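Asks: Here is what each chain is made of, one letter per residue.
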Amino acid sequence: MMSAQRKWKVWWIEPMPQVWRAGKEILEGNNCEVIMGRPQTDADKPYSEDELIEQGKDVDVILLIAREKITSRVLNDLKNLKLVVKAGIGVDNIDVQAATRNGILVVNTPVPADYVGVAEGAVARLLALAKKLVVCDRNVKGNVWLSDYEKIKGVYVKGKTIGILGLGRIGSFIARLMKPWEVRVIVYDPYVLEEKAELLDVELVDFYTLLRDSDFLSINAILTPETKHIIDEGALGRMKKTAYIINTARGPIIDEGALHRALKAGWIAGAALDVFEEEPPKNSPLMDPEISDKLLLSPHVSGLSEEMERGLTMAQVHCCIMALQGKPPKSTLNRDAIDKWKKKFDIGA
Amino acid sequence: MARCLNMIYTLPDNLRERMTKMLNAHSIDVANNSIGRWFTEDELIKGLKGIDATLAGDEPYGSRVIVNADRLKIIARVGVGYDNIDMTAATKRGILVTNTPVPELAKAVAEEAFTLMLSLLRRITFMDKVMRNGIYYTSDYYSLVREAFPLTLGIIGLGRIGKQIAKRAVGFEMKVQYYDVIRDNEVERQMGIRFVSFEELLKTSDVITVHIPLTPETRGIIGERELKMMKRDAILINAARGALVDEKALYDALREGLIGGAGISVYTQEPPREGHPFYKIGEELGNLVLLPHVGDGPYSIRAQLDAAVGEVIAALEGKEPKYALNADVLR
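First to last, the protein sequences are chains A and B.
Just so it is clear: in the first sequence, position 72 is 72 by my numbering, and no numbers are missing.
With the second sequence counted from 1, adding 1000 to any position gets you my numbering.
Heads up, a few of these hints could be off.
[As the list claims (entries may be wrong)] Using 27 Å as the maximum straight-line C-alpha spacing, the simulated DSS-like pairs for lysine-lysine come out as follows:
(1) B:Lys1280 to A:Lys158
(2) B:Lys1129 to B:Lys1280
(3) A:Lys294 to B:Lys1129
(4) B:Lys1175 to A:Lys179
(5) A:Lys153 to B:Lys1167
(6) A:Lys158 to B:Lys1167
[Said to hold, decoys possible] Label-pair restraints from in silico Cβ distances:
(7) A:Thr242 to B:Glu1017: 16 to 26 Å
(8) A:Asp206 to B:Glu1041: 54 to 64 Å
(9) A:Asn283 to B:Pro1060: 53 to 63 Å
(10) B:Met1001 to A:Leu199: 51 to 61 Å
(11) A:Tyr149 to B:Val1067: 28 to 38 Å
(12) A:Glu194 to B:Glu1199: 50 to 60 Å
(13) A:Leu199 to B:Glu1199: 37 to 47 Å
(14) A:Asp206 to B:Pro1213: 47 to 57 Å
(15) B:Thr1040 to A:Thr242: 35 to 45 Å
(16) B:Glu1284 to A:Lys241: 31 to 41 Å
(17) A:Asp58 to B:Arg1132: 35 to 45 Å
Hints in this document: simulated from the structure, not taken from any laboratory.
Just so it is clear, the structure is predicted and the values come from calculations on it, not from any experiment.
Cβ coordinates follow ideal geometry from the N, Cα and C atoms, glycine included.
Please take these sequences and the hints and turn them into a complete structure.
Replies: Next up, the structure:
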């Protein structure tokens, strides 16, 4: 077979620490030359568009996460590029239409370790908010016991309404994890069928009911023009004063300026954010110390664990090898690009 | 008119009014603990003069208190544990003791224990702190965050609370094992959990959570020896009673990295005072998460209070209470 002799240049532009070594070895054992980029820990040093075009000019494959933006210019200019593999689900950093026009496959890695981890991370944050964990921990450790009772008094999760925005893999898994807690689960997702909701034993509601009824609102949608700033001042104003928001999806789904105003004015009780409009959130209004007790922060790690990293990294490697062998990976997102891909690069049967 | 002393100083106004109304409707007067903490022994001896019933918190009902109580007929503990009450002395004096093992309480404690577990696995407090210090990413994070689903949860004591924890953990697809003095084959089958010896539980669990009453036999059941038997990355949760765990040994184990972390909401002293290993501990141990002992309080307090008030009314009207711990005093 032709594909056996083919050799691909793989640019791993955002490798996850530790686990990449095993992945690199496998790729090298499968006719790939691997060029390592800046590790994931260099979160604030993404390759610029020019750097991507300059340094990527003869690469066949790009493996990435969320740090770099793969724009149409990058996709038009990299003439050898055949495949972009994103570790994780959301591909809002990739211009998928431009990729399709150029016959480049865009693939994500929906491995179980990923969505389970994010779902668990979202529930962990929901509970931490409910029990005022950070304030409680700080107070007890500083010998402030019950004197600040109103601040440390949490809420009982049982009987509450958990709202989920987006019933994909992660949202569905959160619904499943929360079942034994005797809660009502409501979901807004215009793209989901009634059957799926029934199977998961959740209620599909409209967006306004979701805002009005949720005691805990978990954001699990992908970022699209439709979901960008879907949680804005108007949305926040419709929520309960006692409600909490958990965002482990994408920062720009929430308008941070509006959330800042909402927390300051007490429109809602608090929020847990793992993602930000700009990461790291250097200039975010949310770093305002005045609202710090209402806000639980983490550096985009809700899905992070060794288990998950291994899963994602190996899935990226697997997709790359499949494509090299002429088989479009199962998780190819722009399947309409496959014909052009095969013709343009003379791939497969 | 009979008089009831409410010791629960943390009651919100609406619940205090509700309790007062319920008792007044049965011609029972109510006085409240207004000092903002639990009574000491001496304060309790003084406060119980002319009192027929107490809605009891953590104040100490030792034999001195009981012998000096001139009219006391019932100690209605608002809560489950009653290690602060000398049961022998109370029974001898014909004082009824009740508690409030309502389902709400078991669920509230389960929520608290589970919150502590997930917070430690996810390093919730640590992550928040690094963000506030402006450190966005360090390579250390990668080995820090753990998922629950591949882990084994060991529950010591499969009572009402233990079962609620098991239910939630099974939902997370954790492997659940338990140790108890009584084995429950039925629950094992229903929930798909397994019984192991105390020693095996300590050695093979990734997360260990304690849900047993404090008795002379269980005091210090988790000490240096037990901590040493645990996995190096094991997480210990205690939302039951402080004295079940040797706190000094736990402090040492966390410092020396004998175990991975601990989540605690109960203490031998509440609040911990000078000399207590967790007193003003500040940020010394990043793998320790502390909550004040209110765990179930804000969530199930209404259900517990209603139950305790019901017990006081029943006892003072000569009826049998629902949750009597020494029902033989009635006979």
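Asks: Hints first: check each against the structure and report whether it holds.
Replies: The hints, checked one at a time:
Among the hinted pairs, Lys1280 of chain B with Lys158 of chain A is inconsistent with the structure: their alpha-carbon atoms are about 32 Å apart, more than 27 Å. For a cut-off of 27 Å, the pair hint linking Lys1129 of chain B to Lys1280 of chain B stands: about 18 Å separates their Cα positions. For the hint pairing Lys294 of chain A with Lys1129 of chain B, the CA-to-CA distance comes to about 14 Å; that is within 27 Å, so the pair holds. Of the pairs offered as hints, the one joining Lys1175 of chain B and Lys179 of chain A holds, with about 18 Å between alpha carbons and a cut-off of 27 Å not exceeded.
Of the pairs offered as hints, the one joining Lys153 of chain A and Lys1167 of chain B holds, with about 25 Å between alpha carbons and a cut-off of 27 Å not exceeded. Restraint check for Lys158 of chain A and Lys1167 of chain B: the C-alpha separation of about 14 Å stays at or below 27 Å, so the hint holds. Range check, Thr242 of chain A to Glu1017 of chain B: Cβ separation about 21 Å, and the 16 to 26 Å hint holds. Checked against the hint of 54 to 64 Å, the C-beta distance between Asp206 of chain A and Glu1041 of chain B comes to roughly 59 Å, which is consistent with it.
The hinted window of 53 to 63 Å between Asn283 of chain A and Pro1060 of chain B holds, with their beta carbons roughly 55 Å apart. Our hint of 51 to 61 Å for Met1001 of chain B and Leu199 of chain A holds, since their Cβ atoms are close to 59 Å apart. At roughly 34 Å, the beta carbons of Tyr149 of chain A and Val1067 of chain B sit within the given window of 28 to 38 Å. Between Glu194 of chain A and Glu1199 of chain B the C-beta distance comes to about 51 Å, which sits within the given range of 50 to 60 Å.
In this structure the hint that Leu199 of chain A and Glu1199 of chain B lie 37 to 47 Å apart at CB holds, the actual value being about 43 Å. Against the hinted window of 47 to 57 Å, the Cβ-Cβ separation of Asp206 of chain A and Pro1213 of chain B comes to about 49 Å, which satisfies the hint. Look at Thr1040 of chain B against Thr242 of chain A: about 36 Å separates their beta carbons, and that is inside 35 to 45 Å. In this structure the supplied range 31 to 41 Å holds for Glu1284 of chain B paired with Lys241 of chain A, their Cβ-Cβ distance being about 36 Å.
The given range of 35 to 45 Å is respected by Asp58 of chain A and Arg1132 of chain B, whose C-beta atoms sit roughly 44 Å from each other.
In this structure, the one hint that does not hold is number 1.
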